[in-house]
Amino acid sequence: MNERDISEALGKAAEARDSVEPALLQRIADAIQPTLQAVRPLPRTWVLVSALMLIGGAVALGEGLRAGLFGFAKMDVIERVAIFFTLFWLACVAGTEFVNSMVPGSRRRIAAGKLGVSAGLLLLCVFALFFRDYHTEHFVSAGLLCLVTGVLHAIPVGLMGWLLLRRGVALNRISAGITAGTFAGLAGIALLELHCANFQALHILVWHTAVLPVSVAVGVIWARVLQDGKPGT
Amino acid sequence: MQGYANTGKDYPPVPLLMPGDSELELLMVRYQGGDFAAATALIHRVSPQLHRFFVAQLTSRSHADDLLQETWLRIHRVRHTYRPSEPVLPWVYAIARHVRVDHFRKAMRTQIREKRLAEITDVAANTNAGQRGPGDDLAKLLAPLPESQREVLEMLKITGMSLEEVARATSSTVGSVKQKVHRAYKKLREQLGSSESRKGRGGEQL
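Residue numbers (the working numbering), protein chains in the order written: chain A, 1 to 233; chain B, 234 to 439.
Think of the hints as simulated: they come from the structure by calculation, not from any bench.
Wrong hints could be hidden among the right ones.
[Claimed, not checked] Taking lysine-lysine pairs in the DSBU-like style, the calculated list, with each CA pair at most 35 Å apart, reads:
id: 1; chain 1: B; residue 1: Lys411; chain 2: B; residue 2: Lys339
id: 2; chain 1: B; residue 1: Lys420; chain 2: B; residue 2: Lys339
id: 3; chain 1: A; residue 1: Lys74; chain 2: B; residue 2: Lys420
id: 4; chain 1: B; residue 1: Lys373; chain 2: B; residue 2: Lys420
id: 5; chain 1: B; residue 1: Lys339; chain 2: A; residue 2: Lys114
id: 6; chain 1: B; residue 1: Lys419; chain 2: B; residue 2: Lys339
id: 7; chain 1: B; residue 1: Lys419; chain 2: A; residue 2: Lys114
id: 8; chain 1: B; residue 1: Lys411; chain 2: A; residue 2: Lys114
id: 9; chain 1: A; residue 1: Lys74; chain 2: A; residue 2: Lys114
id: 10; chain 1: B; residue 1: Lys339; chain 2: B; residue 2: Lys373
id: 11; chain 1: B; residue 1: Lys373; chain 2: B; residue 2: Lys411
id: 12; chain 1: B; residue 1: Lys419; chain 2: B; residue 2: Lys373
[Claimed, not checked] To spell it out: a stretch of chain A is covered by chain B in this simulated footprint if at least three of its residues, at any positions, have a beta carbon under 8 Å from a beta carbon of chain B; those stretches are:
id: 13; stretch: 30–36
id: 14; stretch: 108–122
[Said to hold, decoys possible] Footprint (simulated), chain B over chain A, 3 or more residues, beta carbon under 8 Å:
id: 15; stretch: 39–48
id: 16; stretch: 86–93
id: 17; stretch: 169–181
Treat the numbers as computed from the prediction; the structure is a model and nothing was measured.
Each residue gets a CB set at the ideal place from its N, CA and C atoms; glycine is no exception.
The whole structure should be built from the sequences, with the hints applied where relevant.
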């Protein structure tokens, strides 16, 4: 038996028409009639992604300007272009997936889990390429400070993003939580790259990149809390 | 996170769809504009397929009726999330699929909480088995497949959706859908092959 035979068998089985009682259809129509009003559709994906990018950019740049762009000032041009272009591109991808996870029937280009892992790995590669100072000083104390700063700025980005997309519907809340966490985590890392002048390789590889998984974890916990609190759409 | 119909505001007139857009999309846009006739037409157009989708998932007709109603109520609540120019069916099936998953989760929870219910469910399932209709053949054919593969094949066969549309409806990538279809065909080939060989052996013995 080949694929054509199976397709034919499936086709025949699927050909049988199913009928729905007209009374049931009428009941459904009657049920929605009292609340049938004009609604404003969600904006297009690019509009929502642009708004998300503005939120992420505003938080990272605003806090960077307030606290000082020491990291940015210490980088050479190639480092700046490579690191911030990577962060920008990853944020665009994560933002698009975040928006798509909130709109049923949207096109998904990458699974949420794969997105988080790929973003983390790509950042590790870029950081490993540019930061070669392998001596460590105040590894834990300085690192924890950066991690906390990154996550504390990622959380408002995630919350504002969630607020922006509140009219959407996350059919899979965990997936939405992961993509939201990834996007917010990238904004937190962007802030650290702008501000932190500690260019020790291990510090950046461990503590700066760790903002991403911690933000994803916060996003998943947030999504689970919502999932337990509400019965879906 | 939930968005509901905005009320009391003037919205721009329903946008005209470009030639080539399907009738379903036009109906959906009019439904979003508050047109009851379009909503009714959409319900009549899509419901038989949706009902079939639920019946094919080894659900009784009465359960399928309930799921169909629940699906339309949810569609109504979140109709603003449909965006004109996007395909309608993946959007509808994404919601229908979620309703079905919710239904099974609730059923599982209830079963765990109430041990005695298991016996009743068995009885109900046996009773409902007699009520199942045209979805039987497809359901039987797909029964050996895991849930995710069965769902993908049903969408492809019952609704005639493309791989891209099935990917949208299941919130996955086209590659993932292709992989599921491939695995499903492989499993069906094995199943059907072995049942044919059993029949053949039976014939020889006779």
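Each hint tested on the structure:
With a C-alpha separation of about 30 Å, the suggested pair lysine 411 of chain B and lysine 339 of chain B falls inside the 35 Å cut-off, and the hint holds. Note on lysine 420 of chain B and lysine 339 of chain B: the hinted pairing holds, with a Cα-Cα distance of about 29 Å set against a maximum of 35 Å. With a C-alpha separation of about 59 Å, the suggested pairing of lysine 74 of chain A with lysine 420 of chain B is violated against the 35 Å cut-off. This hinted pair checks out: lysine 373 of chain B and lysine 420 of chain B have alpha carbons roughly 14 Å apart, not beyond 35 Å.
At most 35 Å may separate the alpha-carbon atoms for a hinted pair to count; lysine 339 of chain B and lysine 114 of chain A meet this at roughly 29 Å. Distance restraint check for lysine 419 of chain B and lysine 339 of chain B: the Cα-Cα separation of roughly 32 Å lies within the 35 Å cut-off, and the hinted pair is therefore satisfied. Annotation: proposed proximity of lysine 419 of chain B to lysine 114 of chain A holds, straight-line Cα distance about 26 Å (limit 35 Å). Taking the CA atoms of lysine 411 of chain B and lysine 114 of chain A, the gap is near 18 Å; set against the 35 Å cutoff, the hint holds.
With a C-alpha separation of about 32 Å, the suggested pair lysine 74 of chain A and lysine 114 of chain A falls inside the 35 Å cut-off, and the hint holds. Taking the CA atoms of lysine 339 of chain B and lysine 373 of chain B, the gap is about 24 Å. The hint holds against a cut of 35 Å. Our distance criterion of 35 Å between C-alpha atoms is met by lysine 373 of chain B and lysine 411 of chain B, whose separation comes to about 22 Å. Proposed proximity of lysine 419 of chain B and lysine 373 of chain B is supported: the alpha carbons are some 17 Å apart, at most 35 Å.
Restraint check on the stretch 30–36 of chain A versus chain B: 5 residues with Cβ-Cβ distances below 8 Å, three needed, restraint holds. Judged by the Cβ-Cβ criterion of 8 Å, the stretch 108–122 of chain A is covered by chain B as claimed, because 4 of its residues qualify and three suffice. Requiring three or more residues with a Cβ within less than 8 Å of a Cβ of chain B, the coverage given for the stretch 39–48 of chain A holds, as 5 such residues are present. Counting residues of the stretch 86–93 of chain A whose CB lies closer than 8 Å to any CB of chain B gives 0, so the stated coverage by that chain is violated, three being the minimum.
Under the rule that three or more residues need a Cβ within less than 8 Å of chain B, the assignment of the stretch 169–181 of chain A holds, with 5 such residues.
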